[in-house]
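Each number in our numbering comes from the position in the sequence shown (counting from 1) with 102 added on.
Where hints are given, some of them may not hold.
[Claimed, not checked] Computed list of lysine to any residue pairs in SDA-like fashion (alpha-carbon distance at most 25 Å, straight line):
id	residue 1	residue 2
1	K124	C114
2	K124	L136
3	K124	S113
4	K124	E137
5	K124	L138
6	K124	M135
7	K124	T134
8	K124	F108
These aren't lab readings, by the way, just hints derived from the structure by calculation.
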Amino acid sequence: MYRTVFILALSCVMLSGCSTSKEEMLPAGDNTMLELWNGADGGGSTSRQSAAARDTLRRPLTGSETQADAQADRSYSRTQESEITQQFPRLPQPRHGDVPVSPSGRR
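All chains, please: the whole structure from these sequences, using the hints.
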């Protein structure tokens with residue numbers, strides 16, 4: 103009984119010795135989130151500016167590109183028909199005389 107209490111107390115003391123505060127591990131810094139968003143982190147070109155530049159370079163898809171894209175999407179999609187044909191492939195037509203059931207219905 104005393105041994106269990108001693109081990110529990112010792113482990114609590116050891117774990118509390120390893121703890122640190124949030125400020126010690128991750129200091130807040132001088133900038134607010136808005137300042138960081140606007141590029142005050144000192145990283146030079148901000149990601150927001152580069153995202154805006156990428157958006158200006160993008161063009162909308164043409165009609166044929168949209169149609170080709172939709173067709174490519176359909177070719178990868180799962181349909182009931184493709185699932186059934188995967189699960190139950192067509193069997194070859196049996197030749198005459200290879201019928202597994204006799205005409206009388208018994209084997």
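Results for each hint:
1. The suggested pairing of K124 with C114 holds, with an alpha-carbon distance near 20 Å, which does not exceed 25 Å.
2. Proposed proximity of K124 and L136 is supported: the alpha carbons are some 21 Å apart, at most 25 Å.
3. For the suggested pair K124 and S113, the alpha carbons sit about 22 Å apart, so the restraint of at most 25 Å is met.
4. For the hint linking K124 to E137, the alpha-carbon distance of about 22 Å falls within 25 Å, and the restraint holds.
5. Annotation: proposed proximity of K124 to L138 holds, straight-line Cα distance about 20 Å (limit 25 Å).
6. Between K124 and M135, the direct Cα distance comes to roughly 18 Å. Compliance with the 25 Å bound is thereby established for this hinted pair.
7. About 17 Å separates the Cα atoms of K124 and T134, which keeps this hinted pair within 25 Å; it holds.
8. Simply put, K124 and F108 have alpha-carbon atoms about 30 Å apart, too far for the 25 Å limit, and the pair is violated.
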